[in-house]
Each structure stands twice: as C-alpha cells, then as structure tokens.
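Number of protein chains: 2
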Amino acid sequence: MQIKIHPNTIIIPEDQETLMEALIRHRLPVQNICNGKGTCGKCKVRMIGYVSPPSESDIKHLNKIELQAGFRLACTVQPEDGMVIELSFVESQDRKVSALLGMKTCNLDPGIEKVYIQTSKPTLADERGDWDRVVDDLRAATGRSFEKANLYILRKVPDVMRAAQFALTVTVADDKILEIESGDTTKRLYGVAVDIGTTSVAVALIDLNQGDILKVLSTENEQTAYGADVISRISFAMENQESAMVLRVAIRRTINHLLEELAVQTGIQLKEIFKMTVVGNTTMHHLFLGLDVSHLAVSPFVSACNRPLEFSALELGLEINSQARIQLLPNIASFVGGDTMGAIVGAPEVLAQGNHLLIDLGTNCELFLKTDHTMMACSTAAGPAFEGAGLAHGMRAKQGAIEGVTITDEGVVCEVIGGKEAIGICGSGLIEAIDEMRKAGVINKQGTIADPKKQPTIAPELLKRIRVGIKAREFVLAYGTSDGYDVTLSQKDIGEMQLAKGAVCAGIKTLVDMAGITVLDLDSVTLSGTFATYLKAQNILSIGLVPNIAPEKIKTVGNAAHVGAIRVLMDRRELAMSRDLYSKIRHVELGGSAKFSKYFMSSMYIEQ
Amino acid sequence: MQIKIHPNTIIIPEDQETLMEALIRHRLPVQNICNGKGTCGKCKVRMIGYVSPPSESDIKHLNKIELQAGFRLACTVQPEDGMVIELSFVESQDRKVSALLGMKTCNLDPGIEKVYIQTSKPTLADERGDWDRVVDDLRAATGRSFEKANLYILRKVPDVMRAAQFALTVTVADDKILEIESGDTTKRLYGVAVDIGTTSVAVALIDLNQGDILKVLSTENEQTAYGADVISRISFAMENQESAMVLRVAIRRTINHLLEELAVQTGIQLKEIFKMTVVGNTTMHHLFLGLDVSHLAVSPFVSACNRPLEFSALELGLEINSQARIQLLPNIASFVGGDTMGAIVGAPEVLAQGNHLLIDLGTNCELFLKTDHTMMACSTAAGPAFEGAGLAHGMRAKQGAIEGVTITDEGVVCEVIGGKEAIGICGSGLIEAIDEMRKAGVINKQGTIADPKKQPTIAPELLKRIRVGIKAREFVLAYGTSDGYDVTLSQKDIGEMQLAKGAVCAGIKTLVDMAGITVLDLDSVTLSGTFATYLKAQNILSIGLVPNIAPEKIKTVGNAAHVGAIRVLMDRRELAMSRDLYSKIRHVELGGSAKFSKYFMSSMYIEQ
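Protein chains in written order, with this note's numbering: chain X, 37 to 644; chain B, 37 to 644.
Hints listed in this document are in silico derivations from the structure and should not be mistaken for laboratory results. Bear in mind that the values here come from a model prediction, so they are computed numbers and not experimental data. We put the beta carbon where it would ideally sit given N, CA and C, even for glycine. Among the hints, erroneous ones may be present.
Residues from chain X that keep clear of chain B, each with C-beta distances beyond 12 Å, as calculated [as the list claims (entries may be wrong)]:
1) 191
2) 411
3) 445
Heads up, incomplete: computed chain X residues facing chain B, CB under 10 Å, no partners named [stated by the list, open to error]:
4) 163
5) 167
6) 195
7) 342
8) 522
Produce the entire structure from the sequences given, and follow the hints as far as they go.
Okay, structure coming up:
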C-alpha cells in the first residue's frame, strides 16, 4: 500500500498504522500533542481526490469549511492505497506579523473603493438600461465617469440589481467597475500582498478599509521540487515549453493554496479580495507571469520586462475576485528584481539624505546603495545557506529551529523557536553559532573546526562535541532526545556560510568603491529578509557579513520586500514611486568585476 | 444511410447517388453548371468532422486553404452514413458592395495603427528589458506613452524581437499595445464591420490603411433555427441557461464562419484583423454578448445595457486577432437598437437641419424622426414579410428571387435576380407585385384577390392566373418550368404584407403627430435596409407603406446600418458621435398608444 504526500513523496504505511503514525515514522511534519487520541485537533492534513468520511473528532475539531475542503485529523485517518495527502504545511507567521505590524504607519489609498448606491426602478417613463442606470448613479455619487464595462459584470447586472430592491455596492478602480454586489457590502474590501521567494512564499491579508494586517501566512514555494535556486529553475524552464508551464502552475498553485488558507482561517471570501501586490526576484516574476526566462541567465542578462505591470486575477489564474487587480513591482535588472524594489519601498529610510546601504538577504542576496550622487544595485550569489537550505540540519525559521546560540566553557545553550526540542538550525542561529564557535576556539579564522587529536585549547565540554562525521568533522549544537538525532554543524556547513557571507561582504566593498565612497562614509546599513530580523549586529560584524562599521549603524528590518508589497497594496502612490525609481538605479554586474573577485578572496575569513 | 446538412437538416441519399444529386433531389441549394461532370467547380460544399480525400477535380478547382478547410465539390463526393455537410451558403454581396461603395467618402482614422520600429540590441551597457525597450522606442517614435501591457504580448516579445534583427511592427490603440510582429507589416491592417440581423448577418472587410471595402459577405443567422423573430428568440433564450448559451454560440459561429470565408476569399489572415464594429438590434446585441434578455420583452422593457461597448476578440470568442477591439454601437431602447443607431450614422443626412424621417426596414422596422426641436424613435412589429420570410414563396433577395413585377393585360413580367428562372419572391418584388396587382384590379383596396366566379373585370390573361390554392385564392406570378412549381402570392401573403406596411405607416403617423408636425412638414423620408435598396418611391406610396408625400422626398439608401458600422470602423469619431446621440433620442412605446391603434386600423388598405 502506498500513500502519496503531495506533491512528490511516497510513504508506505505498515499494518494497523494510522496516517499520523505513518507520517511520524517517515519523519514528515505533523503536530501531535495528544499522542494520537484525537483530542488536540492539531494533526490536521488535507485529503486530495478521495476524502474519507469525517470522524467524530474531525467534526469536533474542524469547521465546516475545513471539512468540505477535505481537511481531516491524521490520527483518525486509516490509510488506504492511492490516497493523496497534503500536509498542512502553511504556517501562520505570528512572529513575522509582529515584525510587519511594527511597520511605519502607511497612508491608506489603495486605489480600489466600494461605493454604495440606491438605483431607481425602471419605469416606462425611465427606460434606461440596467447598466446605464448603474453608471449614471455612480457618476452622481462619485463625480467620476466609468465607461469601461466588462462582460462578467454586464451579464449579471440585471439579477444583482433586482436581488436587493435596486440597492447595490459597486467596486471601482480608476475609471473601471470591477464588481457589483447586491445590498451594502462596503465594509468588506480586502487585499493581499504576496512575496514570492525562491524558497518560500508569504502572503499578508489586509483590510483595505481599516488598513489592518489580518493574517500573514507562508509556505514553501512548490517550485523548489524543480531546483533550489533561480539558476536551476531557469535551466529547468528552458528544457522545453512544458517545463516552463510546470513552474508557472507550481507557483500559481502555491499562491492559491495560501489564499484558500487565508479564507479558511479568517472567514473572508476569496471574491472579496480586490487587489494583490506581488514582489519577487526577476526569475520568480517571470515564471509567475509565464514570461520567457531564456535571456535572463546568459550575458547580457536581459529580462523580458522590468517596468511595473498590472493584470487581472482572471488573466493570472488566481482564485480571488476575477477582476481583482494584480500589481507587480518593477524589476531593476535580471538579478535585482521586484523584491529589491519592494525592500526599498518597505524601508524607505534608505532613500533619505546621506549614504545608505540596503542588504536584502534571501536565497539570493541583493545590495542597494544610495549616496547623494547615485543609486546602485547588484546581486551576489549568496546561495541558500541564509535560509537554512543546503546544510545538514538546516531548516527555515519555524518551530524547532535553533535561532540563537550561546557557547560557554560549560557547553552550548540553544534558543529554539517554540521553546521545545531542537530539530534543526535556521540562518540566524547559524550566524550566531559560527560567531560563538569562533570565539570559543571551536573553529579558527579560516573556519576550520579544531582537530581533537591535536589537543586544542578548548573547554572539555566543547571538545567532546567535536566529532568526525561521515566525511569531515562536525560540532554538536544540541543532543537529540526523543527521536534520537543530534543537531550538528559540519565543516561543509561552515564552508557554505563562509562562501555566502564572503560574497555579500565583497559585494558591499565593490559597490561602495564604485560609488566613490568608503565603508566608513555609510550612514546606515539596513539588513532585510525574514531571517535578518533575528540577527544581532554584533554577530554580523564579527563573522564579517558586513565590513567593519559602527554597530549602531546596523539595523535589521525583517522582510522589507514583503512590507514594500503591503505598502503598495495600501497606498497606490508607493507603486508610482517605484515606477519613478526603478530605471534610475544603476545596475552593477559583479560577475565581470576584478575588484569583486579580489574582495571575495579576502572576505572568506570568519573574523575581520 | 443518413447525411446531416448543417445545422439541422437530414437527407437520405439513394444508392449510387453523388452528394450533389442527393442535394438536388432534396431541393437544397447547390450550384450545378456542368451537370455533375466535375468541370465547373461550382458545387462547393464543406465537410465537417470526417473529410473525404480530395478528388482530382477538387484539387483542380479548389485552392489549398479551401482543401484544408474541408471544402469539396459535391459532384465528386460519394455519400457515407453520418457525414456532416455545410452548404456553401455564404453569399458574396456583389449587389450590396456596389451600394456600399456608393457611400460618402469617410474620414480614415480607425483609432488603430501600426508603427514600425528598429529597436537596439541589448548589451551589458544597456540591459533594459525587452518590453521596456519596445515601450521606450515606441514613445520615441510616436511621442505617446504605452504603459498597459498584456500577457499575450509579454510572453512572446523576446522571440519576436530576435526573429528579424530587433526590427518589429507594433499595433497600437489609444495607450495600449495590441500586437507585436517581426519585421515591417505596417501595410497589413484590416477591420471588419458586422451587421447582425435577426435573419441574416453581413460582414464587410476593410483595408484600414487605404479605406477600401475589400469584400462583403452575408449569410443566414444560425439563430434562425431557434425562432424567426426577436420575440421567439427571447422566449427560447429564457427557457433555461443552456438555451441562452445556444443562441450565443450560434451567432458567434455565424460570424466566425463569415470571417473564415473572408480570409479564404481575400487571402488576408484573420490575425491581421484588429478592429471590428458591430450593429444589431438590442436582442441581437444582448444575445451576441450573452447578456440577460429576460427584461427586454416585458414592460417596462429594460435592456441590460444601452451605451456603446468595447471588448477584445478574446473575450467574445471571435477568431480574429485576440487583442482586436470589438466595438458595439449603442442601443436607443429595448426595441430600437444599435442597428437603428448604425442607420443614423450611415445616413447622417437625417441629422441635417429640417424634419427628417428614417425608416429602417428589416425583420423589425424602426423609425427615427428628427425635427428642429426633438429626436424620437420607435419600433413597429413589421414582421419578417419585408425579408421575404413567412410567405409561401418568400425568399431573401438572392439568385432566383423576383425583385420586380410589371403587370399588363398581356400578363406578368418578372425581374429575377440573376436573370434566370424565378424560384421565389423577395420583399421588393412583393411590394411592386401588390402595387401592380391593385392597379390591374387583381386585388381590391382591402387586399382581397378577385373572385373568378364573380366574373371580375380584369384581363383574361390575368384572370386565369387567379386560382384556388389549398386554403384560399392565390395569384400566379411566374409559372414554373424545369422543376415544376409556380411562384404565387396567396391571400395570406398579401395579408401579411398589409399588416407589415400598415404598422409602419401607422408608426410614422403617430411619431409625426407626437413631434407636433404633419407628414407634409417632412423634408425627407429615407428608407434603409437591404431590401429597401430596390424599392421604387412610387410603389411605396401607392401601397401606403409611407403616408402620402411628394415622391421626390423619398430616398432609399440600402443597408444604412451596415454602412454605419463601416463608418465607425473607419473613423472613431463616428462612435463618439453615436455616444453623444443615443441618450438624447426620445423613445416612444407604440404598444400603449391609442393613436397608433387608430392609425393602424386605417393603414391596412392597399391604397391611400
């Protein structure tokens, strides 16, 4: 008997195992607090295709929408051959919400509004057409003219008008009517800001009447099944037309999945979402829109389109109101995309007078430097280490991830997200761990783990944590308890981080040089990116992620790109600003720079 | 064995019969000049679904596009069970072209243009995106800004740019880019004007660079299978959702069929058509767009939309360039539609100073009266008699139709379209026949055919043409020769025409009264409608289709509605004019008017 775990894992349950037991045995993520008794309601999964009848526990713990959508508790599901299961891998970003909620107050002018009108009933003396009546009354109510109609609305206008005695709510944007609804629905107007990362995708649901962030969710980008970084995605997309389509469908499905989850968790309806803003690097942008990526990765690295774009949800196959407006922030260049532009919009203080550097850390790393004379941007291939990928025990910053490390002679104390047992390490934990390991002498300046055979001068408690792994030495950060594996950092993991941070640091030095200033002239260095939120300035400086400057100049701002998308969602002037800005930023290609190569060699050391 | 003749006729071929022989035996229209020898190439039909391999005659007489599209010569096709055949029923409107070509010279400013640009090749020093390069160069070439992109173009821009060394032609409308093509295609820009009649649909292909009318074709509206007039179509559409869809698909298929035929006959490609204008009565307009018709036919007779509309070909499922603009002229009221507005645009002299009456004759009849103080319009249920429908031997004005009749004591002389044997009578022939029959005493003022038993005082040659048909008397206009049936007018046929012309005449009198003028105050009376082209002022007056006025004030203008569509196609200011006009025209509902009822009773007589 086989069960498929969506999208591409197969598990083979044993006799008498419940689905939850089989998932746990295969080390797949499922929450289990009541030990399978069906009382905690946390082991929620979703059945795709065949859905088994709900158990009593299902009915008790899941709401009607969840039940209809195929959600079941894994502990009550009896595996059957051919079942397809989707793990409820969407995370409510409570930690991130607090970071986003800390964003500066944003002006509220989304460019979409709902207008309530009471139209008059047709009579023989007033035979105007239904649509004409709506347009006339709307002009009277707003003083504006709405001549563009769409078939979707025209086809339903007679029914909608008559459903509530000719009272209706019209949703408008610029000179267009997006939707008509019976009665007064003016209070229900929502938008979603989407951050398409190479590794993960985050959505924020906003009440466009109030400006409140209602919910932030994130999940893995389904495209990761086809390559971990943008280069491998581009290669895959170029294999044939079908494969480009596969990637387009994958990201659309990821976003639609998150949207559905937003609706389930907040009780709003998807058709009440009328605006969406999207940030993403140029490759994500192109794959999402189905644009040709084949010129992105070869010199002279040309995108199909950089300027800001707007489409309808219908055109893009997104399951919100079909007429909703989807706005994409402009790209700056092939490898400095709308995510960087989003980070600038989200951290607008980098545009203030003086010299400011913005570092957007993700699977890729982009740098933006603004001086009083120029604006420049570049990308560095930092690799996915900052997102915890590519490491033996790397993981994203979620429940069970080590996010902070303190090393003393007595041993290692880890801060674990959720406060329970460590199951891996995320980017911020990694940077602090390396800094602490260097200070404790576990690794040297070159990043090499001390050789226990050479009797290094480190505390015995730490020495015994150094052991020889399969290929090289590794250091134990946390010993495993219940399910028996230790969270370690290997020599290879440390090397990955050295390459990543070396590329960032060399990029900064190159950019600063080209702008004709020095690192000391920088008035501020802003680190953005989800994982950057939890970085400490001191760690950043000691490991040499950024060149030596005063720690008080360093600031971390969380996922500024996502905040930028939220700002554009809330205030249309932010998009106008990005339109003014994107073509004025000079793109620097580090690939061909001898200066960068030189700096890169010297930036690999752990200490500066 | 059965063969289906698209859309809904079944014929049963006999053994050894060719398809052509079977069609002739079933009296279906097929041209046969060489008597089935395969040498004239005129018996062209189209096979749908299964297509038999082409014969030598097929290859000799049909071009490659026709062969690929399934066209075959009926005389070489051996019937097989289940075959589906479409008769090549599209008519080249040579007679109409000449009428249309007589239209006043029209300004040429279609609002769509092609711009040739030579873009530059991307380099490391100029990394602008492909689309950005096009938009920049286009702004340089035109001085205008084009920010709205669509996915269809964005997805192909990299390939199109590189296919002809970065030289391309961009088709633009307002601030939008509709298409990009490699190289210089500026010479190829076409538009189609469509007249959706209740009974027949006509299309005119226009070269939008030159302003030439290249081809005019017409065919039966496929919706006629579901009802002969607008009321029966509305009833059918309201049966259920499926049936409204059936009508929408039927008219779309009719138009697409004509478009394909235009392409086959002229060698232009459908994707080179970038603009389409559509006129039609309000019911045709609604069914074409898929709008709700359920409020059209019940008081207070409300349309879903009157104002002018614009869509893309993609939205409407039309097989021209997917981004082509489809513009629909505004409706005036539920039964005075965009066809009447088209007739006004097509015969703009009715808007000149003075009092002018426009009569648009078709399956329905609409009246438009313009005085120096008011503009009014109404519809009268004339019935389909003017289009030759509903009569024993009625037919549309095509090959074999009697279009003119002269009656003397020596007998009846018929003018037949195409000059060959008469097979029926069309509207203009009917009106002249009735006028002549009245003058010759064959019918009296009340329209009653003289009773031969009562020895009426008419010439013996005419008396013997009066005979008793199945239910009542009939008059033989033309004796049949080769296939043996006579073309006659029955008492019922005459009654149909009396009702029709009585309704028109009463409508005119009512409208003139309401405008506070008299018939004598009219400066001109313009009759439009395909069949009106061939009417003679004297006949119109003697049978009382219009009230008594000076014959020189009467003018016939052909299908003015179609001419209006062509004018809007060629010059966007014409659409702007119709937008200014439609809501200023006062609609008069004759249904509730006691005055109309009174006039109607007195307008039934043949003589005035």
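Evaluation of the provided hints:
1. 191: Violated: least Cβ distance 6 Å, not greater than 12 Å.
2. 411: 15 Å, holds
3. 445: 54 Å, holds
4. 163: 6 Å, holds
5. 167: Residue 167 of chain X check passes; min Cβ-Cβ to chain B is 4 Å, inside 10 Å.
6. 195: 7 Å, holds
7. 342: Where the cut-off is 10 Å and the nearest Cβ of chain B is about 4 Å from residue 342 of chain X, the hint holds.
8. 522: Because about 47 Å separates residue 522 of chain X from the closest Cβ in chain B, which is outside the 10 Å limit, the hint is violated.
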